[in-house]
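K.L.:
Here is how the chains run, residue by residue.
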Amino acid sequence: MHKFLFLIALFLLHYSFPLLAQRVKPTAEEKEAAKVEKKKYKDDDFLITSAETNFTFSREKSKTNPFIIRETSTNTILCLKETLASTYGNGVFYDGTSSVERFYAYNKKEKNDLIGIVTGHQTYSSNGIFHDDAKLFTYSIGFKEIGETESYIVEKKYTDPKYLTAVYFHDKYPINKRTFSFNVPEWADVDFILKNMEGYNLQKTATKDKKGENTLYSFTLNNLLADKSEKNQPSSASILPHIIIVHKSYTKLDGTKENIFNDAQGLYKWYYSLSGSVNNDKAAIKPVVDKIIAGKTTDLEKVEALFYWVQENIRYIAFEDGIAGYKPATCQDVYNNKYGDCKGMANLLKNMLVVAGYDARLTWVGTSHIPYNSHAIPALVVDNHMICTLTLNKKRYFLDPTETYIGINDYAHRIQGREILIEDGDKFILDTIPSFNKEHNRIVIKQELKLEEDQLKGTSQDVYYGEGKTNILRSYNSSQTDKREDAIKHYLNNNDKNIIVSDIVMSSMADRSKPVDFKYTVAYKNQVVEDNQDKYISLDYDKEFKNFTFDTLRTKDYMLDYKYQINKQIRFKIPEGYTVKHLPESLKKSTKDFSFTISFKQENGYVIYSKEITLDNSIIKKEDFKVWNQTIKDLKKTYNDQVIITAK
Amino acid sequence: MTKTKITFLLLFNFSLLHAVYAQSDKAEYLKLIGDKDPAFDIHAAPKAMDKESAVILAEKQTYTSTRVISNDLTWRYQKRRKILLLDKAAVEEFSYFYFQGETNKRTSYPNSHEEFDSLQILITKPNGTSKLVDLTKAVKVEKDISIPSIFRGSASEYYQKVAIPDLEPGDIIDYCILEKYLIWIALIPTKFEFPPILYTLDNTYPTVKHKFSIEIPNNIKAMGTGYLALYLNTYNGAPAIKKEVKENTTSFLVEANDLPKDEYERWSYPLRTSPTVKGKVIYIRERPGKDKEIIKKMIPPIPFDIKQTVSADEIKAWAIQTSQYNTDYYAATYGSYALGYLKKYHSKETDPVAIAKAAYYRIRTGTLYEGWSTNWRTNNVNFLSAMKIVFDAKKIKYSIIAVVPRKISSLDDVLLTDEIDILFKLDGPKPVYIYNVYRHAAFGEILHGHEGNDAYEITNFDNKKIPASIKKIKIPMTSASENVSVHTFAYTIDEEFEKINVDCEETIKGIAKDDYYNDLLIFSEYEDYDIKRFEDPNRVTYAEKLANKKIKEPLAKKNAAEYKEETDARKEGRKKSIEGDFQVESYDDFTLVQDGRTEDKIDIVFKEKYKITGLLKKAGNNYLFEAGKLIGGQVEIKEKEMDRKVDIYMDNARSFVYNITVNLPEGYTVKDAAKLNINVTNETGSFKAVTKVTDNVMTIEISKVYNHNFEKKENWPKMVAFLDACYDFTQTKVLIVKK
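Residue numbers (numbering that gives the first Met the number 0), protein chains in the order written: chain A, 0 to 647; chain B, 0 to 738.
In isolation and in its complexed conformation, chain A is listed as follows (with noise of 0.2 Å):
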């Protein structure tokens, strides 16, 4: 009976303040500036009139949290929805290393808490992670009509202040005013460098305290318009305006100068020391790496064999928890398990290979979405991958075991091109990972075809390249053992009946080294259109792209998965006692970032359709949605066209 009453003691405490707080009623000029803005927000409940975080830094006695940051933010809220109620939601992240303090809101009338509620701490996972510490802290405050403005304060505590890394101006609300301001004590040695600036006017101020022992830096931008997620939009890290801080130095209450991360040397150090004290247990995989290459003659062969057996046994589970986020697990633990994250799966086949006799090392990268690309900023936002690296014969191999039924040679789009900081002892080694063209990605599509009861048939040749065979292999494989064959016939023909396909024969699914190669039997229904002597024929059935357009209302860049290229070519024997009446135009269209060429013409008995179509740089850039979008049309109307033939 007692815990009831508690219960229902708690439930008051925590769902009635708000019922009972005092609104203040907005005045008829709040109600009229509100309509202003919501001119200007139309698709915005709430404005943030002005948004300031404030930064405090202390030193403590404590040996395992010596450094503590306070982080304080005080929002002003704007109500801008015309309804009978409506509930501002926002959250903060914090993890192991960092903890929500006090939530507090208020008004004019009411000077204390009741206004907001705190509506639960979630679990928070990204996509592919088992397991992650992040957790949400979530909250709400209710508004009854437009005009009205309440406040809040949160606080957070960094408890290590390598943690604190990057701060956003930009929020799921526009903000009127947004401030970040960093109190820096002359004991503490911080950089901020400033990305994504351009376009704003930031307002920048370094000011010392009287005493000239603390500088206030402060940042300021002005008119934010809400941030609003788009599909395959660029990072945020890419576009938003932000500030990386880097935590150089800071000298401790005994006198003593700690070092962070002053430089690349600093970022590599203390990620040299986490995975250095990883014990190692080699002895444990010798065994199974005996194994692995035993009856294998060649070098190459050896680390294929290790490389691809790690791809294809270990799963890739991630448990994102306080500082495992950055430690490998064991080599053992990993092989034992037989799961682990990209640290461990490095971390094991580093070992593996170590154990076989080869020159392998861990590597720590930042993949594509990660602008940076450059480990002159010594902070933890530069790094959120690791592979191994193995030199043979003087040349290095960038392996990501992450990536199943890669090739040795090959490298994800996502860490192509990147800039990459290899483990060389108390030293470093910086590299870059080679990048691919187009062309690396190409799919080929041969056909040969003919009309046959007023269905068009023949024989088709598609074989795919780089990511696209990569993707194959790793459905094909990952796919249940009775039910591949339908997977292939259904990735043929698109699970569409109007597409008959049969007699596959297609390149082995396990070797990696060669591109997937599908030879088959090809029926195309629906495809033709008579009319008295005349035959209409559509000859292409894929029409890739035929209904990729953007629409006005995009305001960020299109990113692909990686860069593309098709080729498609399409022999059409002309029947006997049919001449061609009519061929569609040619098309050709090219940008810097992508162009498409369709050609049809008529040679030996034959209507030769030819297509190529490349998405250089695997961007679409918003300032080439209008030529993009122009290019579609034209497309669609090469496409919509038809051949046609008439009997002679």
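What the hints contain is simulated information worked out from the structure, not anything from laboratory work.
Careful: at least some of the hints might be erroneous.
No more than 27 Å apart at the CA atoms, straight line, and that leaves these computed lysine-lysine pairs for DSS-like [claimed, not checked]: (1) A:Lys394 <-> A:Lys285; (2) B:Lys498 <-> A:Lys588; (3) B:Lys639 <-> A:Lys518; (4) B:Lys687 <-> A:Lys496; (5) A:Lys449 <-> B:Lys637; (6) B:Lys639 <-> A:Lys488; (7) A:Lys143 <-> B:Lys563; (8) A:Lys636 <-> B:Lys35; (9) A:Lys636 <-> B:Lys628; (10) A:Lys632 <-> B:Lys608; (11) B:Lys608 <-> A:Lys635; (12) B:Lys35 <-> B:Lys208; (13) B:Lys570 <-> A:Lys227; (14) B:Lys674 <-> A:Lys580; (15) A:Lys496 <-> B:Lys639; (16) A:Lys572 <-> A:Lys534; (17) A:Lys621 <-> B:Lys574.
Some chain B residues close to chain A (C-beta under 8 Å, calculated; not the full set) [unchecked claim]: (18) Glu51; (19) Lys87; (20) Ala88; (21) Ser94; (22) Leu166; (23) Glu167; (24) Glu561; (25) Gln582; (26) Lys617; (27) Gln730; (28) Lys737.
All C-beta atoms in this analysis are idealised placements derived from N, C-alpha and C, irrespective of residue type, glycine included.
Once you have looked at the hints, place chain B on chain A.
P.N.:
Then chain B, alone, in the frame of chain A:
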């Protein structure tokens, strides 16, 4: 001792330790789960199954009453599965092992019993070594993660997951879920029902051995004041139940071997076609007095045996008890509210159907707008009890109907009360079946899941001298023409042959309405109507207040803003729905003509306007027109579906009518429109299209009819014939040429 010898000894010791360790893990597992069933001594799949992704080598579900402690009953449920993983896909599937709720935790339910759950997982390598999985590393599963079907349980508890270490193709995963109940008999008023058992024997993977058993001690009577009622039977070709009597226990077993994997087919009800086990265990506490007799009628004592069927009389006793002796507070309260309303607004009404209808809508209005218990709204028995109060007060004769949803069972195969729905019926020229209130359903609309199924009708249940009578009836079935969607489209092609203006009116009748309610209806549009008509005709509604300007300006504005948000969302929803079939250039207008929520406006009628593109292609001087696509996407029967293995169960017969007019630009006409004329008709249904072209106007009258809600699998080719004809129609293109 030489170095070599030491190494050898170390290695020898290590292997020995490893063997002992491995052995001890398996032994520990068997000890923890308390099971040494030899059926699980299987380590390889039959040759015929080696192309599968995984094979369930052995599976069992056992319910065991292990012992009696003084006056309490201990009940144990065990589910054990041993699965051989044959490929990487299976390894990935079991990479994360999901399980429900907490394990190894005791939970007490103060008024009845205590529960204890446990889970153990053992991985066995191809060389025979085994290892227990450490479950302390389990983490909570985020809400939005979907749980693979093989792990899914019936309850909607939260799940945990654990990453299974050292898993490779060839490994065997053996896991066992154990639930123990300790039932405090003294606290049970009349009976304690264990969760119903209802499952198909086949699974995601083929199964070599499947075993189900209920085991009770032979001294069960020694408990004193109660007995266990065991309901158990098998259906759809599942093996019959075997009884095994041993010295201390009696077991009831279902054993099946070499079960193929389940492969869902379109329009099927697995519980009607796949081998199925159905059962339930109920502990009945025998107490002197009236209750004892009632319970005995409903659940007769059957010591040391199982009950494999339920008689009409048992269903009768249960249905009468449930619908006539419910003492729910809200049922009584809302029944008397309904009576008060009838007295005030329908005092002179004598027609039983009209009275029932008025009471139905009054109760619906109460639950929708007056804060009546929403939980109560989903409880059919409580609703019926409220209606009983009305009928008794108005001296209206009615009958009780006991029916089972088609998806679950036929009436003859009913075994558990959990399968049965109860409703009332009013006789008359057209009998009326009274279902629980639903936000949108009009009075008397039959739940489509019951249509055409046999049911029991119970009458005379209130006569104390004569026993109630019971007879079999059939719940009426709606016809294809009663469940029709009529789509009237006027398509106008623009002069540039790019865009097509669409002006359409749609009338949706019968069960077809179910698919439209949520997309088309907005609460605030019917709230005022409902209140005025079914609660208080004199109440001034919001709309009236607004019209009279008696309401303050800001509130009106806020209402208007909220209403606009809802109507915008409806338009956006409609646009998205149309985008499933067409490239929508713009969605311009929506009008709801009729909402279909009451019997006087029983159809949903709405109009909309929009523009589409993508159906016209330039072909020399002419245009190719994908006219077949004008009826939107249609069922596409894939090659794989042609070989039908089970009978075809659909929710209802239904039809679709498309009245299409295509207006072409002046000077153009359609050539070869005759190929749009199709007629495929057979006993299962039909697809017909009749096309006419007059000057620059083409009309197409189309109908697609599913005649029944059930077809034998032998009729599948006939269904495919008209479905394929319809799909082929959608692929048809015609030429638009200059006249």
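K.L.:
Against this structure, judge whether each hint is valid.
P.N.:
Each hint, compared with the structure:
Between lysine 394 (chain A) and lysine 285 (chain A), the direct Cα distance comes to roughly 25 Å. Compliance with the 27 Å bound is thereby established for this hinted pair. Taking the CA atoms of lysine 498 (chain B) and lysine 588 (chain A), the gap is about 25 Å. The hint holds against a cut of 27 Å. In summary, the hint linking lysine 639 (chain B) to lysine 518 (chain A) is supported, as the alpha carbons are separated by about 22 Å, within the 27 Å threshold. At most 27 Å may separate the alpha-carbon atoms for a hinted pair to count; lysine 687 (chain B) and lysine 496 (chain A) meet this at roughly 21 Å.
Between lysine 449 (chain A) and lysine 637 (chain B) the alpha-carbon distance is near 25 Å, which keeps this suggested pair within the 27 Å criterion. For the hint pairing lysine 639 (chain B) with lysine 488 (chain A), the CA-to-CA distance comes to about 11 Å; that is within 27 Å, so the pair holds. Restraint check for lysine 143 (chain A) and lysine 563 (chain B): the C-alpha separation of about 17 Å stays at or below 27 Å, so the hint holds. Straight-line distance between C-alpha atoms of lysine 636 (chain A) and lysine 35 (chain B) comes to about 71 Å, which puts the hinted pair past the 27 Å bound.
Straight-line distance between C-alpha atoms of lysine 636 (chain A) and lysine 628 (chain B) comes to about 19 Å, which keeps the hinted pair within the 27 Å bound. Between lysine 632 (chain A) and lysine 608 (chain B) the alpha-carbon distance is near 25 Å, which keeps this suggested pair within the 27 Å criterion. Note on lysine 608 (chain B) and lysine 635 (chain A): the hinted pairing holds, with a Cα-Cα distance of about 26 Å set against a maximum of 27 Å. Simply put, lysine 35 (chain B) and lysine 208 (chain B) have alpha-carbon atoms about 15 Å apart, close enough for the 27 Å limit, and the pair holds.
Restraint check for lysine 570 (chain B) and lysine 227 (chain A): satisfied, since their Cα atoms lie roughly 22 Å apart, inside the 27 Å limit. Pair hint lysine 674 (chain B) plus lysine 580 (chain A) holds up; C-alpha atoms about 24 Å apart against a cutoff of 27 Å. The suggested pairing of lysine 496 (chain A) with lysine 639 (chain B) holds, with an alpha-carbon distance near 11 Å, which does not exceed 27 Å. With a C-alpha separation of about 14 Å, the suggested pairing of lysine 572 (chain A) with lysine 534 (chain A) holds against the 27 Å cut-off.
With a C-alpha separation of about 26 Å, the suggested pair lysine 621 (chain A) and lysine 574 (chain B) falls inside the 27 Å cut-off, and the hint holds. Here the hint on glutamate 51 (chain B) is kept, as its CB sits about 5 Å from the closest CB of chain A, short of 8 Å. Taking 8 Å as the C-beta cut-off, the interface hint given for lysine 87 (chain B) holds, the closest approach to chain A being about 6 Å. With a least beta-carbon distance of about 4 Å to chain A, the hint placing alanine 88 (chain B) at the interface is held under the 8 Å criterion.
Because the smallest distance between the Cβ of serine 94 (chain B) and any Cβ of chain A comes to about 5 Å, under 8 Å, the interface hint for this residue holds. Taking 8 Å as the C-beta contact cut-off toward chain A, the hint placing leucine 166 (chain B) at the interface holds, the least distance being around 6 Å. At a threshold of 8 Å, the smallest CB-CB gap from glutamate 167 (chain B) to chain A is about 6 Å, leaving the interface hint in force. For the restraint placing glutamate 561 (chain B) at the interface with chain A, the shortest Cβ-Cβ distance is roughly 5 Å, inside the 8 Å limit, so the hint holds.
For the restraint placing glutamine 582 (chain B) at the interface with chain A, the shortest Cβ-Cβ distance is roughly 7 Å, inside the 8 Å limit, so the hint holds. Taking 8 Å as the C-beta contact cut-off toward chain A, the hint placing lysine 617 (chain B) at the interface holds, the least distance being around 5 Å. With 8 Å as the threshold, the beta carbon of glutamine 730 (chain B) comes within range of chain A, its nearest partner Cβ sitting at about 4 Å, so the hint holds. The interface hint given for lysine 737 (chain B) is broken, as the beta carbon of that residue sits about 13 Å from the closest beta carbon of chain A, more than 8 Å.
Against the hints set out earlier in the document, violations occur for numbers 8 and 28.
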